[in-house]
Amino acid sequence: MNERIVVGMSGGVDSSVAALLLKEQGYDVVGVFMKNWEEQDESGTCTAESDWRDVQAVCDEIGIPYYSVNFAKEYYDRVFSYFLDEYKKGRTPNPDVLCNREIKFKAFLDFAMKLGAAKMATGHFVQTNEQGQLLKGADPNKDQSYFLYMLKKQQLQKALFPVGAMCKDEVRDYAKRKGLLTFAKKDSTGVCFIGERHFKTFLQQFLPATPGDMVAIDGQKLGRHDGLMYYTLGQRKGLGIGGCGDGRSWFVVEKDLERNQLVVAQGEDHELLYANGAMGVDVTWIGDTPEENTFDCSAKFRYRQKDQKVRVTLNGEGLLVNAYEPQRALTPGQSIVLYDGDQCLGGTILNNVLKK
RNA sequence: UGGGGUGUAGCCAAGCGGUAAGGCACGGGACUUUGACUCCCGCAUUCGCAGGUUCGAACCCUGCCACCCCAG
Numbered sequence: 079m080n081e082r083i084v085v086g087m088s089g090g091v092d093s094s095v096a097a098l099l100l101k102e103q104g105y106d107v108v109g110v111f112m113k114n115w116e117e118q119d120e121s122g123t124c125t126a127e128s129d130w131r132d133v134q135a136v137c138d139e140i141g142i143p144y145y146s147v148n149f150a151k152e153y154y155d156r157v158f159s160y161f162l163d164e165y166k167k168g169r170t171p172n173p174d175v176l177c178n179r180e181i182k183f184k185a186f187l188d189f190a191m192k193l194g195a196a197k198m199a200t201g202h203f204v205q206t207n208e209q210g211q212l213l214k215g216a217d218p219n220k221d222q223s224y225f226l227y228m229l230k231k232q233q234l235q236k237a238l239f240p241v242g243a244m245c246k247d248e249v250r251d252y253a254k255r256k257g258l259l260t261f262a263k264k265d266s267t268g269v270c271f272i273g274e275r276h277f278k279t280f281l282q283q284f285l286p287a288t289p290g291d292m293v294a295i296d297g298q299k300l301g302r303h304d305g306l307m308y309y310t311l312g313q314r315k316g317l318g319i320g321g322c323g324d325g326r327s328w329f330v331v332e333k334d335l336e337r338n339q340l341v342v343a344q345g346e347d348h349e350l351l352y353a354n355g356a357m358g359v360d361v362t363w364i365g366d367t368p369e370e371n372t373f374d375c376s377a378k379f380r381y382r383q384k385d386q387k388v389r390v391t392l393n394g395e396g397l398l399v400n401a402y403e404p405q406r407a408l409t410p411g412q413s414i415v416l417y418d419g420d421q422c423l424g425g426t427i428l429n430n431v432l433k434k
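Position one of the first sequence corresponds to residue 79 (my numbering), numbered consecutively onward.
Calculated directly from the structure, the hints in this document are not laboratory data.
Since we're looking at a predicted model, the values are computed, not measured.
Hints may contain errors.
As the list claims (entries may be wrong) - Restricting the straight-line Cα-Cα distance to at most 30 Å, the calculated cross-link-like pairs of lysine-lysine (DSSO-like) are:
no., residue 1, residue 2
1, K166, K151
2, K113, K101
3, K256, K113
4, K101, K231
5, K101, K315
6, K278, K433
7, K236, K184
8, K278, K151
9, K197, K113
10, K151, K230
11, K384, K246
12, K387, K231
13, K278, K315
14, K264, K101
15, K384, K433
16, K236, K166
17, K197, K167
18, K197, K263
19, K384, K264
20, K246, K113
21, K151, K256
22, K101, K184
23, K167, K184
24, K256, K230
Stated by the list, open to error - Quick list of simulated restraints, FRET-style, between CB atoms:
no., residue 1, residue 2, range
25, R314, K384, 14 to 24 Å
26, N430, E139, 44 to 54 Å
27, S146, N430, 39 to 49 Å
Ideal Cβ placement from N, Cα and C applies to all residues, glycine included.
I would like the entire structure built from these sequences, with the hints used as guidance.
This is the structure:
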């Protein structure tokens, strides 16, 4: 009897190819589609429906059975409620890193095990090795290890990433050659399972607006904001102020919850947009906690950023991360992911920026 | 109701008789499994209004209107 592998299928080309590759390798493959968000988008269409149809069609083409599971409650309780709480605190969360830890590699993994699977698989562009370490995907432009940094070795050892060694173009070419209908499907973006949204409008459905003043660093009032949670640090678009000051663009440099003021500064290179150090909480290590309390490694302060040289220091409070080069718009709630070369070590949620 | 000045897109602003620069904002797209950033494209048949001069005016002339400043 061949080993059973349950593949998390999104309806996209990556997971389609992942399932196909496993099937060709002789596994007993089962495709499972997750629906974790009930609401339809602002255009009134439910992309989950067409995605589910694509999953069914692809599974039929490949010749594997498929199921659909609904983790909407788990998603809301373990990911979305946290997401909203963070915004209420004026922070900018990354729900997808939690989604991977709590849903895809927990709820879904458990479900796969119940189906008798030896392992689960997804279409993520990441790789693992025998030791259960997380490695970057082979395609430097599509590496998604940033989103999986919160996983533990024990979770990764039960996961396969069939497309992690491939480049995106190869994946599409392969899908096309094999006749998978998803070969040309556009990559999905936006919050996982929720999708592309007009973000402000989306948040307004959950978080009440508390408008206030938009002020310059010197306190000069420049306009009004619709509610601090609708903006993030380093943001330019949506401020609606133009033609004042020296004529350059304005960027959010601070969210003053006390005064309910959005503080903005002019010029994309403004010093307040940059900092070298940050303190992280909720530190997670994929493997064992490092022996050294202080060491150099590289880090990404946001998805797709090229590796930054940093020095990290562990203390009782959390993790101190100091970059050798100034970092733009370090934002509380976002994740700092640590690497040793191609190996993802883990990371932390940025709690506060250390001003010089 | 004496004198002076200014009125160009939502904002700032070039233009000075030859057929409306640029920036910001805004809109669309690209990029992207968070939020952002970034990049590309678009954005005044029209220059406060009405006449006049001219082959031709936002630019010259006249009148009116609005705002600002200085005097009373």
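Evaluation of the provided hints:
1. The hinted pair formed by K166 and K151 meets the criterion: a straight-line CA distance of about 21 Å does not exceed 30 Å.
2. At roughly 23 Å between alpha-carbon atoms, K113 and K101 fall within 30 Å of each other, so this suggested pair holds.
3. Between K256 and K113 the alpha-carbon distance is near 27 Å, which keeps this suggested pair within the 30 Å criterion.
4. At roughly 25 Å between alpha-carbon atoms, K101 and K231 fall within 30 Å of each other, so this suggested pair holds.
5. Annotation: proposed proximity of K101 to K315 is violated, straight-line Cα distance about 46 Å (limit 30 Å).
6. A hinted pair counts as satisfied when its Cα atoms are at most 30 Å apart, and K278 with K433 qualifies at roughly 29 Å.
7. Proposed proximity of K236 and K184 is supported: the alpha carbons are some 11 Å apart, at most 30 Å.
8. For the hint pairing K278 with K151, the CA-to-CA distance comes to about 23 Å; that is within 30 Å, so the pair holds.
9. Only pairs whose Cα atoms come within 30 Å are accepted, and K197 paired with K113 is accepted, the gap being roughly 20 Å.
10. For the suggested pair K151 and K230, the alpha carbons sit about 23 Å apart, so the restraint of at most 30 Å is met.
11. Under the criterion of a C-alpha separation no larger than 30 Å, the hint pairing K384 with K246 is consistent with the structure, at around 18 Å.
12. About 24 Å separates the Cα atoms of K387 and K231, which keeps this hinted pair within 30 Å; it holds.
13. With a C-alpha separation of about 12 Å, the suggested pairing of K278 with K315 holds against the 30 Å cut-off.
14. Only pairs whose Cα atoms come within 30 Å are accepted, and K264 paired with K101 is accepted, the gap being roughly 24 Å.
15. A hinted pair counts as satisfied when its Cα atoms are at most 30 Å apart, and K384 with K433 qualifies at roughly 23 Å.
16. For a cut-off of 30 Å, the pair hint linking K236 to K166 is broken: about 35 Å separates their Cα positions.
17. Restraint check for K197 and K167: the C-alpha separation of about 38 Å exceeds 30 Å, so the hint is violated.
18. The straight-line distance between the Cα atoms of K197 and K263 is roughly 27 Å, inside the 30 Å bound, and the hint therefore holds.
19. With a C-alpha separation of about 24 Å, the suggested pair K384 and K264 falls inside the 30 Å cut-off, and the hint holds.
20. At most 30 Å may separate the alpha-carbon atoms for a hinted pair to count; K246 and K113 meet this at roughly 25 Å.
21. Among the hinted pairs, K151 with K256 is inconsistent with the structure: their alpha-carbon atoms are about 36 Å apart, more than 30 Å.
22. Distance restraint check for K101 and K184: the Cα-Cα separation of roughly 23 Å lies within the 30 Å cut-off, and the hinted pair is therefore satisfied.
23. Proximity of K167 to K184 is assessed by CA-CA distance (about 27 Å); at most 30 Å being required, the pair is judged to hold.
24. Using a Cα cut-off of 30 Å, the hinted pair K256 and K230 is violated, with the two alpha carbons roughly 34 Å apart.
25. In this structure, R314 and K384 meet the distance hint of 14 to 24 Å, their C-beta atoms being roughly 21 Å apart.
26. Separation of N430 from E139 is about 50 Å and conforms to the stated range, judged on CB atoms against 44 to 54 Å.
27. For S146 paired with N430, a C-beta distance near 42 Å keeps the hint of 39 to 49 Å intact.
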